[in-house]
Amino acid sequence: VSDASPDRDGPLPPEEFERRLAIIEARMRDDPEAGEETRELVLWFTRRYPSVVERCRYATRKHRELSRSPLRARREP
Amino acid sequence: VEATPRDDAEILLALATSGARLLLIGRRAVIAYGVPVVTADYDVWIHIDDIELLNAAMEKLEYVPNHPPPDARRRGRYVLENSEHIDVLVARAKSTPDGVALDFETAWSRRDPKPIAEGVAIGLPCLEDLITTKKWGGRARDIADIEHLSALLGRES
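Residue numbers (this note's numbering), protein chains in the order written: chain A, -18 to 58; chain B, 3 to 159.
Note that these hints are calculated values from the structure, not bench results.
Some clues are possibly wrong.
Stated by the list, open to error - Listed below are the simulated DSS-like cross-link pairs for lysine-lysine, each with C-alpha atoms no more than 27 Å apart in a straight line:
1. 116(B) - 43(A)
2. 137(B) - 116(B)
3. 116(B) - 62(B)
4. 137(B) - 96(B)
5. 43(A) - 137(B)
6. 96(B) - 116(B)
Because the structure is a prediction, the values reported are computed rather than measured.
Take these sequences, add in the hints, and give me the full structure.
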């Protein structure tokens, strides 16, 4: 799980959202290695869960585990 | 009445076969593209004329709309409620805070269908349009999702 942030976090102030967005856009534009970690993660995830249904089940299961016991769920692979 | 948890396969199949022109958006779409993030709910964007089709299909899974179709059209969104929520966007178009507009017809015409069962596919916005929709939310988790999606977009180009 690369990001276990809660489902209903509130919006950031617009200027803060734009600031963070600009950082990402600059990184993607200027750093040829940017996004490599995500691409490796996606490769792993799509091999382990080849179908959309399997991926959605994984996300739902992980969400339920995190809702029950956030610390335990984060320790699991 | 206690809500009935539904398997994701049932939900996806009901959405995809509802007959509504429908795009899976939000985190479920990010997950469908292969990014392992977490969510409980579903977000969809449908054609404004197709509310009744979607409601009829989801009623079979005991999902109940929180607003009748005329109100949903006026508000631009509504929720189908069961143990999990399906947030339904029905706006004809929506803009990012910096003024980039995306209309449903355009997003629909550029959709990326993903198979979910034999002969059945669910439509996702193309990666660029999904990034635009993530800018609507304005949350920290949307920034994280945009970063992931941008990495995939970089791989495509």
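Here is what the structure says about each hint:
The hinted pair formed by residue 116(B) and residue 43(A) meets the criterion: a straight-line CA distance of about 22 Å does not exceed 27 Å. As the CA atoms of residue 137(B) and residue 116(B) are separated by approximately 23 Å, the hinted pair is consistent with the 27 Å bound. Annotation: proposed proximity of residue 116(B) to residue 62(B) holds, straight-line Cα distance about 23 Å (limit 27 Å). A hinted pair counts as satisfied when its Cα atoms are at most 27 Å apart, and residue 137(B) with residue 96(B) qualifies at roughly 10 Å.
As the CA atoms of residue 43(A) and residue 137(B) are separated by approximately 25 Å, the hinted pair is consistent with the 27 Å bound. Restraint check for residue 96(B) and residue 116(B): satisfied, since their Cα atoms lie roughly 24 Å apart, inside the 27 Å limit.
Of the numbered hints stated above, none is contradicted by the structure.
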